[in-house]
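Protein chains: 4
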Amino acid sequence: MITEHFVNASVTPLESLDTLSPHEVAKLQDISQGGLYHLFRQCCLAVLNTGSELDSTRKVLNKFREFDIRITHKHRGVQLELINAPASAFVDGEIIQGIREHLFTVLRDLLYVGDELDQCCDGLTDSERITNIVFQILRHASAMRPHVKPNLVVCWGGHSIKRGEYDYTKKVGYELGLRRFDICTGCGPGAMKGPMKGATIAHAKQRKDNPRYIGLTEPGIIAAESPNPIVNELVTLPDIEKRLEAFVRLGHGIIVFPGGAGTAEEILYMLGILLHPKNQHIPFPLIFTGPAGSEAYFETVDRFIKATIGPSAAQKYEIIVNDPHEVAVKMRAGLEAVLAYRKQTDESYHYNWQLHIPHEFQQPFEPNHEAMAQLNLRRGQPDYILAAQLRRALSGIVAGNVKEPGVMAIEQHGPFELTGDVDIMKSLDELLSAFVDQHRMKINHEEYEPCYRIVRA
Amino acid sequence: MITEHFVNASVTPLESLDTLSPHEVAKLQDISQGGLYHLFRQCCLAVLNTGSELDSTRKVLNKFREFDIRITHKHRGVQLELINAPASAFVDGEIIQGIREHLFTVLRDLLYVGDELDQCCDGLTDSERITNIVFQILRHASAMRPHVKPNLVVCWGGHSIKRGEYDYTKKVGYELGLRRFDICTGCGPGAMKGPMKGATIAHAKQRKDNPRYIGLTEPGIIAAESPNPIVNELVTLPDIEKRLEAFVRLGHGIIVFPGGAGTAEEILYMLGILLHPKNQHIPFPLIFTGPAGSEAYFETVDRFIKATIGPSAAQKYEIIVNDPHEVAVKMRAGLEAVLAYRKQTDESYHYNWQLHIPHEFQQPFEPNHEAMAQLNLRRGQPDYILAAQLRRALSGIVAGNVKEPGVMAIEQHGPFELTGDVDIMKSLDELLSAFVDQHRMKINHEEYEPCYRIVRA
Amino acid sequence: MITEHFVNASVTPLESLDTLSPHEVAKLQDISQGGLYHLFRQCCLAVLNTGSELDSTRKVLNKFREFDIRITHKHRGVQLELINAPASAFVDGEIIQGIREHLFTVLRDLLYVGDELDQCCDGLTDSERITNIVFQILRHASAMRPHVKPNLVVCWGGHSIKRGEYDYTKKVGYELGLRRFDICTGCGPGAMKGPMKGATIAHAKQRKDNPRYIGLTEPGIIAAESPNPIVNELVTLPDIEKRLEAFVRLGHGIIVFPGGAGTAEEILYMLGILLHPKNQHIPFPLIFTGPAGSEAYFETVDRFIKATIGPSAAQKYEIIVNDPHEVAVKMRAGLEAVLAYRKQTDESYHYNWQLHIPHEFQQPFEPNHEAMAQLNLRRGQPDYILAAQLRRALSGIVAGNVKEPGVMAIEQHGPFELTGDVDIMKSLDELLSAFVDQHRMKINHEEYEPCYRIVRA
Amino acid sequence: MITEHFVNASVTPLESLDTLSPHEVAKLQDISQGGLYHLFRQCCLAVLNTGSELDSTRKVLNKFREFDIRITHKHRGVQLELINAPASAFVDGEIIQGIREHLFTVLRDLLYVGDELDQCCDGLTDSERITNIVFQILRHASAMRPHVKPNLVVCWGGHSIKRGEYDYTKKVGYELGLRRFDICTGCGPGAMKGPMKGATIAHAKQRKDNPRYIGLTEPGIIAAESPNPIVNELVTLPDIEKRLEAFVRLGHGIIVFPGGAGTAEEILYMLGILLHPKNQHIPFPLIFTGPAGSEAYFETVDRFIKATIGPSAAQKYEIIVNDPHEVAVKMRAGLEAVLAYRKQTDESYHYNWQLHIPHEFQQPFEPNHEAMAQLNLRRGQPDYILAAQLRRALSGIVAGNVKEPGVMAIEQHGPFELTGDVDIMKSLDELLSAFVDQHRMKINHEEYEPCYRIVRA
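The listed protein sequences correspond, in order, to chains A, B, C and D.
The numbering of the first sequence is full-length UniProt numbering, which starts it at 1 and goes up by one.
The numbering of the second sequence is full-length UniProt numbering, which starts it at 1 and goes up by one.
The numbering of the third sequence is full-length UniProt numbering, which starts it at 1 and goes up by one.
The numbering of the fourth sequence is full-length UniProt numbering, which starts it at 1 and goes up by one.
Don't take every hint at face value.
Any copy, or any two copies together, can satisfy a pair, since identical chains are not distinguished.
Stated by the list, open to error - Here are the computed lysine-lysine pairs in the PhoX-like style, where the Cα-Cα straight-line distance is at most 25 Å:
id, residue 1, residue 2
1, K149, K27
2, K343, K149
3, K63, K316
4, K27, K171
5, K316, K278
6, K59, K330
7, K171, K208
8, K59, K306
9, K208, K170
10, K59, K170
11, K343, K278
Think of the hints as simulated: they come from the structure by calculation, not from any bench.
Please put together the full structure from these sequences, using the hints given.
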């Protein structure tokens, strides 16, 4: 078997990505504050660290602290020199083609975001500007397929799930693939990988031309959630909110598998949008599903939603237990409704412009102690606003558990403090306790200390 | 979940297969003796019966006795009307694309073999003629890829293997696919399906263009071994010997997974050829492999080979236990030797003309009682001849267990009678007993009665 | 500028044509009576002699009598060694790609016709058999495009026409190409080349994918009418009648430009078929057209047809003078009628099975003195039969003027003798005299001696 | 025949260009000062006015003053409504596909230039910035083909040349195409169209995949020089200097056919660059060629160059008369030197970064009376500076003859005044007089009044 080790290699770009200017190469090599080197190195490491079981950014960065990437500045084309790269990206010393592609898409996106978007879209509101930036990044990454009927299913769920749950995501992916649906996930293992594997087999049987396995990531999460090389369109959005917006504007329906707090956060994001009055009539299939034995996760989430936002919110999703075929059949019906609506309203198939995403959901949320303390987890505000507040609370908790700056902030300053209505706070606590009980939190369950403290106000 | 049921559907051909003449359509509709209808119906049923667990032709034919296929004679193109077809071939009422392709490749091959080959190749010996017919069938099916470096790995093994063995074949297929090898199997489930599934995932990661999953079948076996829809090149050879010749002339290396008597038969076929003096210097990688826990199968086979044909025969193969990575690395080395040899000897990459296949291995063996009784299982003949005799003995036993006419002959006339040297007969008996003990025979193990009787002469 | 000279070169096949068996290579090398060498050499020479002004087979063969073609028998693929090949096929020593393709299509067709067709189609009448053989040759050459709406326009006309006429054929080809029609001609210069050149420019403007420039030839005519390298599908039919049948079954409409006796012969062939009672309702656009100044040719032909077969025959065609745009618009309308009819009658788009071609038009006509003498150029027989007889008369005259055996027969035995009704014979004589006057016969006009003698009976 | 008329039509975009944001659509519809409507309308009109004989922008604009283009704002994709569009862009009421592509490339380029480039390339000098902007526009238009060996031949020359000259450009294009070279011109008829037509025929014969016919244009010139629909990559650069820079950085060699003052201007541009000391060792094939009978043009230019810049400048080009084959053979040799140099110096194949283009050649030159008066046409400055000054002088003269603002300025303020050394001024006058004598100026030769006046200083 293979011994884990490090590999040095030179990697040349794909032809379509091999037209950098010397100016761009210089920016990628620039180790100064405004330069892209550090971000580029971190993202490349994540891409190379495929199949890794490490789910903490810090652990990954630490393990491969000797990793370096040098951009040989050749006019004939750039060449990446990889030093002490993770061996898992290579087969017999040669880089896996899918990973090679990922390296250069990272480069493409980092350069594009840095260079060309800062001044875009004069005359628009900030919210419109963000929507346009997401659009432009996706278009620049050739992620738009105009005139293709709605068929892109977003799969969310935990990256660290049980074997049976993982196998279930493969079966759902297989049923989706049999119906020629494309798959979009957030990159990483678990529920982000299983549906793609299942769909790959089904697409082969259906001889699907150009099947799409889209991975949407962002620099803060990529290190802990390496894209699976099956992903054949990797787009690195600049922050988590733009990544979420990309999911809901590019995707035509969403399936949520069991996960942890991060998955619950995504559910709240989606619910908050769908609950907004402007989106009331826009069809958007949203299915929660898992295998027999995993019912508890969605029961927990369902109870939390009903208790906090209210029972009407539950009309926006459907829970299906242990029936991949049913999931796919329901998704097909949902996508047909999406198609009909887009035709009727002259909406494009490739980007859901009509969907209103409140500004609250677009603003990057920096989950530091101050921001967490200022969250307003109270009733008496529109339900979509409450959903946004709850999502941020969960977002902060995920950060405190997984993301480097969050973990460090907790170590330094102690747990976040959250305030709100008593019953909402109680529901939140129950939700998180249930996640711990269900081993849904990426933590040492025995000596788990929550990264938050509920301060009932 | 899906209830098993029957489906009626109209299927139009792929464009490339949609140029039949009225004369050809008439032949496919012809239910008379010389007509193709019955053969065509049987093969189509097999193709449609994908994923079936039934491994007896008779059971399949019986279950779908109401199945019918009508060829609507339209000048604009043929159309197949399927009546009472197995539901497993359909998704939401629409035929799986891979199966649609298979239907029309069957049609292509049956027409070609019937029509154009009878008079071919005047001036050649019978052996050369058979080799040329196999070549022409493969070429007509576009299965030749000139100038592509040797990369086609044939996988043999049982279609009814244990879960762990099946998973192992997927892992091996994955490692082969990571190295961009194409896969060729005999169609059906088990060891014929696993490597293709594994390779499909790896090929997706490697972005392999036009990956090949070749299935070679023949009318007598197809009903019990439905091609997996992943198979994207299905070729139906006219008989089992031409199918075997297609494997060894088209493939560049062979991996054998655990199986039963049929697999042992294929091993003997291959060994017989490689042992022929004319083939002495032709490199042909041959690897037997299985997961931990399945060592017994190859130990049994290895012991049998050494005891009957002799220890030198064991130099022609390598046994690797529980190491998919090693299997792939060894196969890569083997294929490089094949490449070097073909370059050196000006042999084509797409068809192994040089390999000498003795006439004994090409003649269809009709495993009836008389033919079985006439087998000469004795020492004192060239080792490759003995291998041929042993293969036929096993072939008859597989027929008696699985194939319709064989099973019926046994029911009618009692077990086959085999004669030969005492120790060879003993080895054969031990081999088959071990297979029964290892549950390697597709039989009711509790009330198993062998379909053969050893008559030591 | 280039000095005319000879080139030696090695040419490797296109991949799709590089799967010959050793047996097939041997046949191509076989210089014995039944072998293909002589035919293959002659056809290859013709293909290489592109752009030649020599329009006599004998002159071509004589000029390149040192030409030889050797087939290097390599297992890895055949290789053609060209010795003393015409320099016009090469650019800076490298063969023009289109010509390289032609060489291997010739090889493909000669092998196919020789090998696989002799025994085909048992149970059919001779006429049906011929139709099926033409179908199979075209299918084997991948010339069928099922499901593509009728868009293949056959262009007939002289290969040795005036500059203004040639430019006019380009303009018509351009207008056809603007409407995305594909072009099919008989190979060679003049009216066979112009429409393709014009269409090439228009197809480029229309971004037509896979434009088709089909050349149908046969061994007897190819040497004098080298295919233009623009031809991207060259099919070599075994004789002139099968070539004509290929034109009318594959093509969807026909445009006839000015030519000579050969063109008139093709017109009679087509008219004879369209006049057959069984074909009465089958739409088949047939347009005669030429530039201002060339009206005389079609006036002559039109007069001849009305005088011999009768005025009703003139309803089958339309004459358009000097209006490429009108020709294309009329052809478009005609093809729409063809499409409607094929839909209505369930006829395929790719092969006109319904068209009845009387056996008289299918039988190869060997234009020797005896056969010419036996022609019955009299009234009192069905008009399509008379058309067939007149066509043969013209066919013999073309042979006597252009084709090697015909020319030699005339030299040896004197002119052919033709007999028939006085007024028909007179019309024929007037037709041919007018062709001589219009310089439409490929002869030395000053000392022209007709190769036929009219014996009024 | 077709009567010239106007057409109304709806045109949908190509898929790859159909992902506009509502914000972008709004900009194209914006008729205000900063909006793109007027520019877009003018460019679209030019694109539609294909094959026009009108070579004055004003005449074009006047003839089609009723032309309008409306952008239907549909989310599903934009749709262009063309009102009173030139009929020459349509075949039987359907727009020619190549022209449809051109419309949307114009849209693509206008949006890109307007939106994303203003703020690019911080930290670079102005000259570097211009070079990077040209690079980015070309890259955004997918005009880069990394790793393709240098094969792009730029053809310059007059758009209004004699028939024999036009035919000659076709022959040269044919010889270039036979060698698989791609063609890049400045759009329009004459020498910009002929080489593409010739190459199209040759590329068809050579079966060249994806032949490139690149047209580089700019808003000021496009109306008078409609792109030929053969152009399959149209890029609209923002001004004439960036268009010239695009020619020399994208192209690998240049052929100049006879033209007028504009052609002489391009020659001076190229010479000025090649004469710069930094470019001394960079190979750049530059061939002037024309048919027999057109020698005078290059003799005139050659004499002018030697007399003004000096005889050494003549070493940078080669004049070949009436020998298309020789032109192509010399170009092939030149391109091989380019390839060798780029390999040796690690220069990309797709963009000539190394070539130093002095800032003088990059700055847009506004040929108004003041700027023309300030030109310094004197000796005593580096030869490349003098070349730049002379080019501007010619540029102004071309503008005064052809371009709308220039013509109007002349009408208003009288001829431009030019000053410089006596002998240089004399040479310039002789050059222009010779052009008038040779009918090389797009003017009414009988009552020609020069748009400049030489003020010897």
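Outcome of the hint check:
Proximity of K149 and K27 under a CA criterion of 25 Å is satisfied in neither setting, with 39 Å inside one chain copy and 28 Å between copies. Within a single copy, K343 and K149 get their C-alpha atoms as close as 10 Å, which meets the 25 Å cut-off; across copies the closest is 29 Å, which misses it. Proximity of K63 and K316 under a CA criterion of 25 Å is satisfied in neither setting, with 43 Å inside one chain copy and 44 Å between copies. Proximity of K27 and K171 under a CA criterion of 25 Å is satisfied in neither setting, with 44 Å inside one chain copy and 42 Å between copies.
Proximity of K316 to K278 under the C-alpha cut-off of 25 Å is restricted to the intra-copy arrangement: shortest distance 14 Å within a copy versus 67 Å between copies. Neither within a single protomer nor between protomers do K59 and K330 lie at most 25 Å apart by alpha-carbon distance, with minima of 40 Å and 35 Å respectively. When the C-alpha separation of K171 and K208 is checked against a cutoff of 25 Å, the pair qualifies both within a copy, at 18 Å, and between copies, at 24 Å. In the homo-oligomer, the alpha carbons of K59 and K306 never lie at most 25 Å apart, since the shortest distance is 37 Å inside one protomer and 53 Å across protomers.
Both within a single protomer and between protomers do K208 and K170 lie at most 25 Å apart by alpha-carbon distance, with minima of 18 Å and 22 Å respectively. Proximity of K59 and K170 under a CA criterion of 25 Å is satisfied in neither setting, with 28 Å inside one chain copy and 31 Å between copies. In this assembly of identical chains, the alpha carbons of K343 and K278 lie at most 25 Å apart only when taken from the same copy (18 Å versus 50 Å across copies).
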